[in-house]
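Colleague: Spelled out, the chains give:
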Amino acid sequence: MESDGSTFEREGDGMIPTTFNYFRPHSIEEALLLLRQGEAAKILAGGQSLIPMMKLRVAEPKTLIDLQGVPELAHVTWAGGHCTVGSLTSHATLAADADLRQKAGALWDAANGLGDPQVRNLGTIGGACAHADPSGDYPAVMLALDACFIVAGEKTREVAAAEFFKGTFETALGAGEILTKITFDAAPRSAYVKLEHAASHYALVGVAVVLVMSRDTIEDARIAITGLADVPFRASGVERSLRGVKGNNVAAIKSACAGAAAGQDVRGDIQASSAYRTAMADIVAARAVRVATDPR
Amino acid sequence: MKIIGASVPRPDALDKVTGAARYPADLVKAGMLHAAAVFAHRAHARILNIEASGARALPGVHAVLTAADVPYNRFGLIVADQALLCEDVVRFYGDRVALVVADSAAIARDGAARVNVSYEDLPAVTSAQAALAPGAQRVHADRSNVLLHQKIRKGDVAAGFLQADVILEGKFTTGWQEHAYLQPDAGISYWEGEKLVLETAGQWLHEDRRQIAAMFEMPEENVVIRYAKIGGAFGGREDLSLPPLVALAAWKLRRPVAMVWNREESIIGHHKRHPFTITTKWGAKRDGTIVAAEIESIADGGAYASTSVEVLKCASIFACGPYSIPNVATDGIVVYTNNVPSGAFRGFGTPQAHFAAESMVTRLAHALGLDPADVRRKNLYKEGDIETTGHPLPPGVSVRAVFERCLEEKAARFALPARRPEPANSLRRGIGIACGIKNVGYSFGFPEQATATVELDATPAEIRGAIVRVGAAEVGQGAHLVLRQIAAETLELPLEAVRMVTDDSSEAPNTGSASASRMTFMGGRAVKDAAEAARRNWVAGAKPEATVQYRPPRTTPLDLETGDGIPNYCYGYSAQAVEVEVDVLTGVTRVLRVISVHDVGRAINRQQVEGQIEGCLAQAVGYALTENMPARDGKLLTPYFSTYLLPTTLDMPTEIYPVIVESADPNGPFGARGVAEMPLVPFAPAVAAAIFDATGAWVSDLPMTPERVLRAIEETRRRTTASAEALVR
Chain A
1 MESDGSTFER EGDGMIPTTF NYFRPHSIEE ALLLLRQGEA AKILAGGQSL
51 IPMMKLRVAE PKTLIDLQGV PELAHVTWAG GHCTVGSLTS HATLAADADL
101 RQKAGALWDA ANGLGDPQVR NLGTIGGACA HADPSGDYPA VMLALDACFI
151 VAGEKTREVA AAEFFKGTFE TALGAGEILT KITFDAAPRS AYVKLEHAAS
201 HYALVGVAVV LVMSRDTIED ARIAITGLAD VPFRASGVER SLRGVKGNNV
251 AAIKSACAGA AAGQDVRGDI QASSAYRTAM ADIVAARAVR VATDPR
Chain B
1001 MKIIGASVPR PDALDKVTGA ARYPADLVKA GMLHAAAVFA HRAHARILNI
1051 EASGARALPG VHAVLTAADV PYNRFGLIVA DQALLCEDVV RFYGDRVALV
1101 VADSAAIARD GAARVNVSYE DLPAVTSAQA ALAPGAQRVH ADRSNVLLHQ
1151 KIRKGDVAAG FLQADVILEG KFTTGWQEHA YLQPDAGISY WEGEKLVLET
1201 AGQWLHEDRR QIAAMFEMPE ENVVIRYAKI GGAFGGREDL SLPPLVALAA
1251 WKLRRPVAMV WNREESIIGH HKRHPFTITT KWGAKRDGTI VAAEIESIAD
1301 GGAYASTSVE VLKCASIFAC GPYSIPNVAT DGIVVYTNNV PSGAFRGFGT
1351 PQAHFAAESM VTRLAHALGL DPADVRRKNL YKEGDIETTG HPLPPGVSVR
1401 AVFERCLEEK AARFALPARR PEPANSLRRG IGIACGIKNV GYSFGFPEQA
1451 TATVELDATP AEIRGAIVRV GAAEVGQGAH LVLRQIAAET LELPLEAVRM
1501 VTDDSSEAPN TGSASASRMT FMGGRAVKDA AEAARRNWVA GAKPEATVQY
1551 RPPRTTPLDL ETGDGIPNYC YGYSAQAVEV EVDVLTGVTR VLRVISVHDV
1601 GRAINRQQVE GQIEGCLAQA VGYALTENMP ARDGKLLTPY FSTYLLPTTL
1651 DMPTEIYPVI VESADPNGPF GARGVAEMPL VPFAPAVAAA IFDATGAWVS
1701 DLPMTPERVL RAIEETRRRT TASAEALVR
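Residue numbers (the working numbering), protein chains in the order written: chain A, 1 to 296; chain B, 1001 to 1729.
Wrong hints could be hidden among the right ones.
Straight line, CA to CA, 30 Å or less: simulated BS3-like cross-link-like pairs of lysine-lysine [stated by the list, open to error]: (1) B/K1029 with B/K1171; (2) A/K155 with A/K166; (3) A/K42 with A/K62; (4) A/K55 with B/K1029; (5) B/K1229 with B/K1252; (6) B/K1252 with A/K55.
Beta-carbon label-pair distances, calculated as ranges [unchecked claim]: (7) B/L1646 with A/A251: 32 to 42 Å; (8) A/E29 with B/T1654: 51 to 61 Å; (9) A/V212 with B/T1654: 37 to 47 Å; (10) A/R24 with B/Q1137: 56 to 66 Å; (11) B/H1391 with A/P52: 40 to 50 Å; (12) B/E1220 with A/D66: 40 to 50 Å; (13) A/Y22 with B/E1051: 37 to 47 Å; (14) A/N248 with B/D1633: 24 to 34 Å.
Reference excerpt, derived from the structure (chain B facing chain A, CB under 7 Å, subset only) [to be verified]: (15) L1585; (16) T1586; (17) P1630; (18) L1637; (19) S1642; (20) L1645; (21) E1707.
Worth flagging that the hints you see were computed from the coordinates, not collected in a lab.
Note that the structure is predicted; figures quoted are calculated from it, not measured.
Note that CB positions come from ideal geometry on N, CA and C, so glycine has one too.
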């Protein structure tokens, strides 16, 4: 095969990854075995981040273990007010789930606004979470939902969202572990709103909100923000200020959301300066809260 | 008139949308060698050594070419100051130092990566201001960093300001813009007997031939340039970038060679629109009469001369927009820097000048409490007015009619909808207007001509058909169809009876470039004149063919100190009204509706004129709002479409009203002027005025990104609060 690559990036030609072994197991057990045995092995879910990184040779795994042969990992299951989402569930599946919109609007919003149709058709929630892009949408949503990550390995363990995201492209997943499920409680008053980069649709600022409301008053709130720091963070000051605020009191919501990024070392780059991102956190947070105050 | 004015469909459209059309990269055939360039990737450095043994040792590599392989290693449209392969110094990131030729593109690129060049970095001049600083490092050791300092003096500007009731100052900056033609640079080259053939894309067959023949010290007739289908140009193919590289490989190795740049190579490897810093001061009387304007325009020309001096002169003569002002002083300076070269780009200095001028006219109106439309009415050019360069405008000054038409359309279409009452809604709508003037054709005494040959297929009884030879580049604008329509109409033939020969420098005469909105006017006039001459020959019983060179009314160089001269022979006039919606909390701005009015003299093909207006507006939306191209120390930070934000369908206004005014030019074929660049000229200042209307804040830097819009809103709010507090005290 002939490369159409460039001499522009000296590290690689931008099109063709280095050689690797490819496996397509049919069970989690088989996948775990391959993961333990394979040299420099990586799990392939939807491939929407890993494959481009391999083409740029930012990632050079020697072994790829494709989970698409384990279809039971793709599901959305409700039991009472508790939801379990299989890690291989595509963004498009979540985005088309009308039930999810009512019961966990924040996740539905994120799935709908993520990437483009091709990315949504192939990309998966588990892959996106395990990738832990600091501008990714799901990490904020997971934090706001207070989700729990079910991880298979030598033994199965549970990791709280707050413990899962460790840094840029860094999670609590160990070398021999696979994220299999994500669980969370229904969040009928929740939303995710972002100010996005026009080309990539990554969040310049993304805010996930889960509210507990009593009639029209906010009793409790979980606010999580992505795009600003190495990891998504909870805006605890905003959460406190929102308690007792009426859902229709726009001015009070706005003032509660002031300083949403307080205490954070906010990133600045050619897409948006640190000052702009910081200011936008307040604006986007207030908008997300207002969406979340109404039933979806 | 049957064919002129009709919306004749494009004969090339079907092939283009089905993929059958062959662009330069589609010409690559099995068995050809492939070339890849080694880029400098540094702003300014001395080449100490080029170590190519690693590349040469790679199986499949045929040659590594360097400066020593180029007989005359200089090229350039106006000044030959650029090396095809740098011999001693690299002056910008995209400079080329070597060319690797191999069996495949992959091997060539692999080889290019193995060419180790050692450099000694030199101080880099990475802004126009730095280039002008005392003791600044020279970009070219043998000459000053100042490419041109052009002055224009009209009246007495100091006396003019004394008459003014209001004087406003303003400072404006504009950024680089990438042409982003869909078809990246590509070409193939090979020998055909004694002739070196280059099949590629460009904007001017015979100029490409002149520069390439000079580089290989060959007679021009032994170099043949053939244009494949050209996927956009916008001025970006006026300067030679890839084509002479592939030609060098074929010339040297005497084998067919192909070369295709990817998008990153294209973006760093070819020139951009000039960034400008414009500092202005305008004065007007209470009744809105503008009495004086003082304008300093400083442009970053980048590492090589390209067409910088012409761009600067255009920016200078249009520094006051289409307004007659008695007292004017402009100082235009364009400098060499170690940034990417700046050169031709749709509008050619005019959009930058208008951003400042049209913004200042609206601000003056506000300062005087007058309607910006009335201030324009008071000052717009009229027939017989004297340009700042001291001579009357070319006849056919229609800007007033164009502007009035724009206002009529605006009244009819933009009756402002009620603003949403909900106080929390942060969306604000506003409307802005602006006017524009831009030359059609070459300026300032640059030799302007177009030649066409018409050969009739005729019996003594009738003309059955015609062959039209005209070296016009079809860059996507529809020139070939327009020229064919002109020939058919002139000869009273059906369109199908006219055959066009256009794409080969050895088969079609020199018609000049597809640039400066000139091809319909100049190429069209040459075709029309040649068709008429051929028919006269037929009537006279002579051989029914003719070659005619059309030369328009003469222009002259500008005096360096006063600007005195006749800059142009034809102008296109524009006026636009735009409606925007600004989110005042995020600064995100959308253009909702555009009315774009243009005097095109005569629409030869109405559908194509409307297509030009709509297509140009897409580029204008990008220029005004989204296409931010920052650089750090000479390195462009957005060399990918994932980071350089071209507007998409979703960024385009939902309503575009292209309005064609037809006020005939005395010399254009059937009265035609030009349209290609015109919609870009007034657009950015119209958007800036609309943003002001919506928010009360002026944005003076292009592009008007959300961050800049928000900053302007916040600064205005702070100022207003501060002055309110001052009043209370």
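Colleague: What hints, given by number in increasing order, does this structure fail?
Modeller: Going through the list in order, the structure violates hints 1, 6, 11, 12, 14 and respects the others.
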